[in-house]
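Peer 1: Same order as they appear, the protein sequences are chains A and B. With the working numbering as the guide, the letters of the first sequence map in order to residues 42 to 267. With the working numbering as the guide, the letters of the second sequence map in order to residues 42 to 267.
Hints listed in this document are in silico derivations from the structure and should not be mistaken for laboratory results. None of these values were measured; they are calculated from a predicted model. Wrong hints could be hidden among the right ones.
In this list, chains with the same sequence are indistinguishable; a pair is considered to hold if it fits within one copy or across any two.
[Claimed, not checked] Dumping the calculated DSS-like pairs for lysine-lysine here, alpha-carbon to alpha-carbon at most 25 Å: (1) Lys197 <-> Lys159; (2) Lys115 <-> Lys159; (3) Lys260 <-> Lys71; (4) Lys260 <-> Lys115; (5) Lys71 <-> Lys197; (6) Lys59 <-> Lys115; (7) Lys212 <-> Lys260; (8) Lys71 <-> Lys59; (9) Lys159 <-> Lys265; (10) Lys115 <-> Lys56.
Protein chains: 2
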Amino acid sequence: MKQGKPVADEYEISKQNKVRQIREYAVYNKEAVHGVLDSALIAAVAFVQDGQPVVVPMLFGRDGETIFLHGARKARIIRLLEGTGTACINVTLVDGLVYARSAFNSSMNYRSATVFGKARLIEDWDEKLRALRVISERTMPGRWDELRAPLDNEIKQTGVIALEIESASAKIANDMPDDAEQDYDIPIWAGVLPLAATFSTLQSDDRLLEGVEPSAAIKAMQGKVL
Amino acid sequence: MKQGKPVADEYEISKQNKVRQIREYAVYNKEAVHGVLDSALIAAVAFVQDGQPVVVPMLFGRDGETIFLHGARKARIIRLLEGTGTACINVTLVDGLVYARSAFNSSMNYRSATVFGKARLIEDWDEKLRALRVISERTMPGRWDELRAPLDNEIKQTGVIALEIESASAKIANDMPDDAEQDYDIPIWAGVLPLAATFSTLQSDDRLLEGVEPSAAIKAMQGKVL
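So that you can see chain A by itself, here it is in the shape it has in the complex:
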C-alpha cells in the first residue's frame, strides 16, 4: 500500500507557538487543540493597524487545519487580515475559579488555544460557500440544510478569511489548588468553583408562522454545555 505524507499528531514546537508560562498545562496534540477550538463560539483575532495591535472578536469555524473567520466583506478586519502576514487568534473558555490558600496560588481552570497562520481572503465563490457552511455548522449544527440557499448578494456582502494553521498550542488547566506546602496548615477553605456555559431553553421569534417547530437538531442544543 502506497503511503502518503505522514500526518503528525502534534504541532511542532517553535518560537511562535511555544507555551512559556505554566508549561505543565501546555498541549500540542492536534486533536486536543482542535477540541478547544471547536468548543468556543468566538475567537479573539489580533491584527496590526498603523503599527498598533488591535483585537476583535469574530465568528469562526474549523475544518481540518483551516480556520475560517467571518465578517462583513467591507469590514476593516477583513481588509487588514487580507494584507497582514501571520495572524494570531485565541479562544479561551473559563471552567472555574481556583480558590487557593494564598492570592498568589489562586487561579482559574480554563481551556485556551492559540493559532498562528497566514490569513487569505477567500475570493472563489464555491470555496466561500463551503467555508460559510463550515462556520454555520460549527456554530449551529444541522441548521445550514434547513435554511434557504444564500442569495448572491448575501455572499458578496460577506467576507471570509481562511487561515491555514501554521503552528498552534493549547493550555488546559483543570486542577484543585496547588498550594505552597506550609500553606496547607492555614485553616481556610480551598477548592474550585466550577463555571459552565450552558444553552438553556429555545425562545421563539414573535413572527413565527403557526405550527412551525424547531428541528430535532436545534432542540438537541438545549442543555448543551460548551
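Since the structure of chain A is provided, determine the placement of chain B on it from the hints.
Peer 2: For chain B alone, coordinates are given in the frame of chain A:
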C-alpha cells in the same frame, strides 16, 4: 462649591474606538462599558512582537478608568506590553445563538468591550499590592481579606500592567432575529437559544483541614451568572 473637571458619561468617539460594523449595537456610555468589562473573567490582550500580532488571555480587573492585567513578572507579554505603545484588550461574552430564517441574518447575542490605552508596568510596591487586590476582588469577591498577606517573593514574581483607558467602546446585541421582510413567509423555526455562564457548586480541596467551611462571600458565588 468648587467644581473639578467634569467627568464625561461617554467615551469620546475617535478613529480608535469607533464601532464600524453593526453600529446600532455600539455603546460608548462609560457605565455600560464598565459593566461589560466587569462581567468577564478573562481579557484578550493584543500586542505586537517582531511586527506580528499576538493575542493572549489574561486575568484582569478594573478600577475606575484603569485596567490591571496580571501575569508572571518574567512573562513575555508583561515585558512586551511594557515596551508597547497603545495596547488593545477585548472581552466578549456570548449570550446566545440567534437562529434567523437565513444563514446571512443568523448571528449571536453578545456583550463585547474593547479598550485602548497606554500600558505601564507597575513598579511601585504599594501600587502593585493595590492592583493585585483589585484583580482578586473583581474575580473572587471577598477573598483577599480572608487570605494571608502576600509574601514579598510572591509580589516580586508577579507582573502587573496598568492600562489607563484612553478610549473604549462596547457592542451589545440582545435581539430576536432581524430577517429580510420576504423571509418571514418561510415556514421555518426562528428564535434565540440563550447561553449563560453560571457558577455551580463548590468543590472542596482534598487537603482541607477538618471543620473548615467556605465563607459567606464564596458561598454567595454559587449560582451566579456572568
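Peer 1: Classify it for me, Lys115 with Lys56: is the Cα-Cα distance of at most 25 Å met within a copy, between copies, both or neither?
Peer 2: between (34 Å within a copy, 16 Å between copies)
Peer 1: Since the copies are identical, ignore which copy is meant and state whether Lys260 and Lys115 lie within 25 Å (CA to CA) inside a copy, between copies, both or neither.
Peer 2: For Lys260 and Lys115, neither the intra-copy (34 Å) nor the inter-copy (48 Å) Cα distance is at most 25 Å.
Peer 1: Indicate which option fits the pair Lys260, Lys71 if close means a Cα-Cα distance not exceeding 25 Å: within, between, both or neither.
Peer 2: Intra 30 Å, inter 38 Å, cutoff 25 Å: neither.
Peer 1: Indicate which option fits the pair Lys159, Lys265 if close means a Cα-Cα distance not exceeding 25 Å: within, between, both or neither.
Peer 2: neither (33 Å within a copy, 40 Å between copies)
Peer 1: When no copy is specified for Lys71 and Lys59, does a C-alpha distance of 25 Å or less occur within a copy, between copies, both, or neither?
Peer 2: Classified as within: same-chain Cα gap 14 Å, cross-chain 37 Å, threshold 25 Å.
Peer 1: Go through the copies and call it for Lys59 and Lys115: within, between, both or neither, with a Cα cutoff of 25 Å.
Peer 2: between (34 Å within a copy, 15 Å between copies)
Peer 1: Indicate which option fits the pair Lys197, Lys159 if close means a Cα-Cα distance not exceeding 25 Å: within, between, both or neither.
Peer 2: within (22 Å within a copy, 38 Å between copies)
Peer 1: Within a copy, between copies, both or neither: which one fits Lys212 and Lys260 at a CA-CA cutoff of 25 Å?
Peer 2: Neither. Shortest intra-copy (32 Å) and inter-copy (28 Å) distances fail the 25 Å Cα cut-off.
Peer 1: Is it within, between, both or neither when you check Lys115 against Lys159 at 25 Å Cα-Cα?
Peer 2: This pair counts as within: shortest intra-copy Cα distance 20 Å, inter-copy 29 Å.
Peer 1: For the identical chains here, do Lys71 and Lys197 meet the 25 Å Cα criterion within one copy, between copies, both, or neither?
Peer 2: Result: close neither inside a copy nor across copies, 33 Å intra and 36 Å inter.
Hint compliance for this structure: hints 3, 4, 5, 7 and 9 are broken, all remaining hints hold.
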